[in-house]
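> Sequence:
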Amino acid sequence: MARRLSYSARYHHPAEKVYQALSMREFWDAQMEEFRKLTPQSEIETYTVDANGIDVVLKQVLPRTELPAIAQTVMSKDMVITRKEALGPFDPANTKGTYTASIPAGPGSLTGTQELFPTDTGCTIRRTTEVKVFIPFINGKLEQMMLVNLVDLFRGEAEFTSGWIDANL
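Residue numbers for the sequence shown follow our numbering, beginning at 400 and rising by one.
These are calculated hints, taken from the structure and not from any lab test.
Be aware that one or more of the hints could be misleading.
Stated by the list, open to error - Derived DSS-like pairs (lysine-lysine); straight-line CA-CA distance at most 30 Å:
1. K476 / K531
2. K436 / K483
3. K476 / K416
4. K483 / K458
5. K416 / K483
6. K495 / K531
7. K476 / K458
8. K458 / K495
9. K436 / K416
10. K540 / K436
Generate the whole structure from the sequences, applying the supplied hints.
Following this line, the structure appears as structure tokens:
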């Protein structure tokens, strides 16, 4: 059974400014520098901004020895995570997109939708995630662990994004 999570990151910046940041290569390069503090093997695989919106593919390698014990039982090698982030063209009312994370020969899937929309005090990015692990008996524990880690990741990324916008735009 899949588990779901909805997370909202609230910004004091207008939606246009957050979208502008997300469309800049400099933003993603700076974010990868932050990722490298925890996962030294982090890189941008592809980055595209055009009339269809924003598409970014990120790759991170988590050493097996750094994984929680329960994850080490199903991962015999380092965990290579490929994240795909997409946002459509900017829409002042509601910009929609998707994201996924995959692990080669991984035991599950992670997919989600994201929306960027204005609020009275700035804007919000709402992410709705679904994780599913295909290993009987431990699937629920791994799914819950993934969701807890996602909240930490999303929170950290939102703080980084807000700080980056304050410093650069």
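> Run every hint past the structure and note whether it holds.
Going through the hints against the structure:
no.	hint	result
1	K476 / K531	holds, 20 Å
2	K436 / K483	holds, 21 Å
3	K476 / K416	violated, 40 Å
4	K483 / K458	holds, 9 Å
5	K416 / K483	holds, 21 Å
6	K495 / K531	holds, 23 Å
7	K476 / K458	holds, 16 Å
8	K458 / K495	holds, 23 Å
9	K436 / K416	holds, 26 Å
10	K540 / K436	holds, 27 Å
Figure legend: structure checked against the earlier numbered hints; the only hint not met is number 3.
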